[in-house]
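> Below are the chains, spelled out letter by letter.
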Amino acid sequence: MRMTQRLLSLGTLMVGFGWASFSPVGAQTPDPTFPVNGTYHKALVATVLEHATLHVDATTTIEDGTLVLHRGRIVAAGPSATVSHPGPAVRLDMTGLHLYPSFVDVHSDFGMPEVQESGWSRTPQDLSDKKGAYGWNEAVRPETSAALVFDPSGDKAKALREAGFGAVLTHVQDGVVRGTGAVVLPLDDPREALLAPNASFHMSFRKGSSSQNYPSSLMGATALLRQTHLDARWYAEASPRGMAGGTNLSLEAFVGGQDLPRVFSAGSWKDVLRADAVLKEFGVSTPIMLGSGDAYQRAEAVAATGVRMAIPVNYPEGYDVSDPHLARLIGLDELKHWELAPSNAARLHAAGVPLAFTAHGLKDPGAFLNGVRKAVEEGLPEQEALRALTSTPAAWLGLEADLGSLRAGRLANVLVTDGPLFDKKTHLVEHWVAGQATPMRDRAPLDLAGSYNVNVNDSVYALEVTGEPGKWKASWALNDTSDRKVSLTLDNRTVVLRIPADDGPIRLTGNVWMESRIWEGSGQTSDGRWSDWSAIRNEVAPDADVSEAEDVAEKSAPESGKTSAGKTDASEAPVPSGTAAPLDLSGVVYPFTAYGLPERLEAETVCIRDATVWTCEDEGVLEGADVLIHDGRLAAVGIDLDLAALLPAGVTATEIDGRGKHVTPGVIDEHTHIAVDRGVNEGTQASSAEVWIGHAVDSEDVNMYRQLAGGVTCAQILHGSANPIGGQSAIIKFRWGAEPQDLLLDDAVPFIKFALGENVKQSNWGDGYRTRFPQTRMGVEQVYYDHFIRAREYGQAQLEHRAAMRDAKRKDIREGRGPVAPRVDLELETLLQILNEERFVTCHSYRQDEINMLMHVADSLGFRLNTFTHILEGYKVADKMAEHGAGGSSFSDWWAYKYEVKDAIPYNGAVLHNQGVVTAFNSDDAEMARRLNQEAAKAYKYGRVPEEEALKFVTLNPAKLLHIDHKTGSLKPGKDADVVVWSDHPLSINAKAEQTFVEGVRCFDVDRDRELRDAMRVERARLTAKMYADGESSGRGGKTRPSERIESHYHCDTLTDENR
Amino acid sequence: MKTAKNLLRTAYAVVALGAGSVTAWAQPTPGAEQSRSVLILGATAHLGTGDVLEDCAVGFRDGKIDYVGRSFQVNRQKYDDIVDASGQHLYPGFIVTNTTLGLQEIGAVRATQDQYEVGTFRPNVRSVIAFNTDSEIPPTVRTNGVLMGQITPRGGVVSGSSGVVHFDGWNWEDAAIVMVDGIHLNWPSTHHRHNKDGKIDIQRRKTYDQQKHEIERFFGEAQAYAAAPRGSLTDVRHEGMRGLFDGSLCLYVHTEDARAITEAVHFKRELGIERMAIVGGYDAYLVADLLRENDVAVMLQSVHSLPRFADDDVDLPFKLPKLLMDEGLTVALQVDKSMTEMNSRNLPFYAGTARAYGLTEEQAIQALTRNPARILGIDDQVGTLERGKTATLFLSEGDALDIRTNSLTYAWIEGREIDLDNRQRQLYRKYQTKYGAEILDLPAPNN
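As you go down the protein sequences, you meet chains P and S in turn. Just so we're aligned, residue 1 is where the first sequence starts under this note's numbering, counting upward by one. Just so we're aligned, residue 1 is where the second sequence starts under this note's numbering, counting upward by one.
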């Protein structure tokens, strides 16, 4: 018996030589290294899917096409007429069905161990707890290999297959450096499933499961990524020469992953831009980025980076808007995002961003296809959608030869549907993954719809069946004319009916024959007697055409309808006579938050006439003067300006009547913590000189607008004060609507935050934080000496290396025997800049002893401290500060919140100023910042600083402290047009900013503000109505209960761990 | 009869003495009992009644105001001392409500904190007895015209009772205007909250319904206890609540949210509580009719605060006093958002902002004087410049609601002239001495 079979097989092989020679790489061929329990399965018989609509790829469709699958691969594909298969094959008729390449997801955690996040620890953890020769930080895990931990057991594989995925790039989604990813098929056997074990190298900004303190912030994570790149570069050179101080498996793995496709799990569009900047710095130019679905908010900026975007389809659900009080909890940006999120793909595509879809973020991958369909509905061309599901991700992974199209040689990953993929009514029928089918529906489901004559118990009854496969409904007319509901279920070919007859229910079971023209079987009446029955269909249900027509109507509307519908609503709102059309906020607004505008603002040519002008220059306060703004600059300040002479020909200025108004320079806040994402302190080490606030700037913070409404145009975003050597700060202009990096002042000199006193001693962090150095003011001094001495030696080592390179033989260098470059240390680089006076220090300080100490430290190391911020005891050492050349940026009147501010006095500003210290008042507070003009008044109230000088506390003096006084801070022709028009004396409690110009751009205008409020109200109303209409049946709108969003308002001492 | 110039000269002599010799600091000595009657002449008087009197005369003796009228009508001979206040502004002492002044000295030093007691329901806890008259902060507050405060405990669901004090006295007993003016209830949130990142951060440990039930049960028990004849056993918590049910105490409900406010008003009606004020009340403008019809006042959150929602009008916190007063509500201002103690001295400027955003000058002043006095139940004693009222008042060189011009020349508490010096002024003088610099502190008299 056995012998016969073997012979038979051999015979077949001989006959089919041509097709059998194909190399059996994929699944479905047994692994010969494994012993077999039983008999070998030879996989000799192919599968032929014939007469289907074959979507070979996004652009090639064959109407009557045939596909031959064998041993997990496609061995032939083409028009049915031309494709033949010589060997034994099972032929499946696919008439009426569509075949598509299976979907590919580049961002999955399929088969990966679950990641447990850990919280902020009550005691410090400085180093990694991981056992083994790994790196110092638990969030850097390049040694993690998805392939090594891959375990596909469980229900997930089937769920992925049923969602249409034929392959996914999976990785352990944990940490800042996450290790290598693997391309796997959603199959249960890991060896069959694992297609490409080392397919990609993964990163993110999120700390994940690490219980270590560092990094606690977004900027810390950024610095850690940069330093790790640098460390790997150094390790690759130093380690082979035995100069790396030991073996570091993490860095080795990092070096090994460098040539793999880079995937960065970014998130919001801001994180996409941030990640791109970091990767570009290290030569990675077109990474694959995971978005969060909001990239449409800045599609152009994302396109400009050249990144490839993996975009999710987990659009937000609607909110319950039934209670108008509770509906206030939902921000306009959240409402707008609900409406616009499905247009993400269309808008990104239109901007030229290469796209792939991912099921990331979906609880149920089954919802994936509908999400993609919504994207198509919102204007993404179907071809592009298909590409983004198949060939694009395949190409990104370098697996075009295996995935993404239905061509010979590819894996037999075939998705069978009963209609065009993006049609809402289309079902997935079956899914072949590596040649193994997962059935989901009958290929040719029985159509039961129609009216039947049922013969049972010698009577004939009329049965009406409606609905669609899987959802049949039946009713029954018995003796009288009233319809009765009949329960009907169909399981394969067996139909079961329960009929409510007059004398009790009749239960019938039978079989469906001849495409449902005849049903036949037996049943029991209510008294238990058996009886045969049959049903014969009279006619085909006639209403098919009608439903199709409805379909068409539904489909044609939305193409542009979704957003234009909104626009119509808004434009139909009553237009007040004599004004321009109201602002329409229904599209994307810049920034994407409250008070965002539909267009980017542009610089104006403006002349403010006849105002009281506070120049903050030698000219003092000018009465009845004009201020001319042109091309972003102050063109002229003076009495009766002749615009024709001052402006280029053809340029006219908008005039603002300044009578009764006061004009001042834009207010500058030397110390703020607004406009930062995910943490203002990387206070997890005594020094965090390597971090830069500029990496975490948030351009969408409504506080910028609120402060523009208080006349503020410029601010220094400082790192917090949790450690003696804090992070690098960012000086921004409040360019409302610009992207984060465009808020930064390009040519500003760099600054860093230092801090002294209670915060850096961790005095108020709880008893767990009594072990980390420093705990005393004595220790703080030593932190500085130690770090600066190291920085100086670091600089020395670099010089020595350069000299050694000069002296080394070319040949030695070429052959890798040249001098090893010292490790680039971002922290010491920064400190070295301070020693070289290329970077300035703003130091958080309260007590005079430590202020004095730090000036001695700086003097002895040969640099100058630029600014002491807070400096509440500055009045005690104002003479020493003046002598050292340090400025002071103080609170006007804060005290009593810490022991070290016990001696703070509101006269501090006046004393400092009078002793010749350049003095400013700052906010450190999102609320107070919008009233800095009032704070300046306190310099007059407490200590009688003349009002002109007091105003400089928040204009020219902070500009001087920030080394930007050549550009801003006073009304001097040639400077940036950062100008505020006030309703009253600028130091008065009655003063309101009416216009605030930033570089000639009217970023705040009291009239436009009023219009914006109206437009926001209209837009909220429109979206609320739409949400309500969408969920009308519920009577509430959407399902999501409104929840109040807590904005993070940071201060110096805000410690968070929110970057997980 | 001592003239104003004499008085001031005396003051300066004291200051000058201090400037040279200050090495240790002590809080200003409480003012001496009023022994000489005083007549203030020529000031612009903001009476707190809504009226303003130009060139007015206000006289007081034995700690009580006995004359309010025009300068040319008063009989000057009846007064021992005349203060020439022409060009100056006269105000009733400002009242800061819902403050922890005197309960907390330094935010970061636990040993100096006395506002948070342990427990959920603790109406028997009295803040007034922990009011530290030797705190260094009130002297810096009264320098700007804030002369009285409602000292309020924090935390829990029922935090305890507040009391009202003058910012001058040898101990809390001397300082107290009323030992217990009301009970403070923190209304739980009716909705969820989440952080910016979208991760849900459940702020409610129990469901709202459960918390509300516990509040109702606690108040219900207290009411039943109060209604019953006194037995042999005493529950001090219920004793603390007694006054709520006979109208002698006010129930202060701390919440910002519209829904919670409406819930609190229902609660008031169900329990038949006579006096209620909402503390915070950011959303009160949305339910103003309900509040007015139920006679509920509002002690409004800091005017100098950020809008609650990004979509709110940028200046909404500034104009809330106007929105509420336009609805006919009784509104007092307070300083609850951050650094309540030290910021209490900025209370006048909150009123200044409220004026810039719609209130009339006298309305703004009432929000610091008559209105809080009414809510606290002490308007028979303070809050206005009227005959028979306590002589707690001050003179400022200019508009006291504007930082530029708020500059006190005199202040009296219960007729006692108080020392406007404070530790901060002393430190200023000390270090001006170090630099040999001019002391530009107290304004020149009558310039």
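In short, the hints are calculated from the structure, not lab data. All values reported here derive from a predicted model rather than from experimental measurement. Warning: the hint list may mix true and false statements.
[Unchecked claim] Capping the alpha-carbon separation at 30 Å, the derived lysine-lysine pairs in DSBU-like fashion look like this:
1) P/K902 / S/K322
2) S/K78 / P/K992
3) P/K880 / S/K430
4) P/K992 / S/K319
5) P/K992 / S/K322
[What the hints assert, rightly or not] Listed next, the stretches of chain P that the computed footprint assigns to chain S, with coverage defined by at least 3 CB atoms under 8 Å from CB atoms of chain S:
6) 903-915
7) 989-1000
[What the hints assert, rightly or not] Partial pick of chain S residues on the chain P-facing surface, computed with a CB cut under 8 Å:
8) G50
9) L53
10) E256
11) A258
12) G352
13) I403
Here a beta-carbon is modelled for each residue, glycine too, at the ideal position from N, C-alpha and C.
> Each of the hints needs a verdict: does it hold here or not?
Cross-check of the supplied hints:
no. : hint            : in the structure
1   : P/K902 / S/K322 : violated, 36 Å
2   : S/K78 / P/K992  : violated, 47 Å
3   : P/K880 / S/K430 : holds, 17 Å
4   : P/K992 / S/K319 : holds, 13 Å
5   : P/K992 / S/K322 : holds, 16 Å
6   : 903-915         : holds (count 9)
7   : 989-1000        : holds (count 4)
8   : G50             : violated, 20 Å
9   : L53             : violated, 23 Å
10  : E256            : violated, 10 Å
11  : A258            : holds, 4 Å
12  : G352            : holds, 4 Å
13  : I403            : holds, 4 Å
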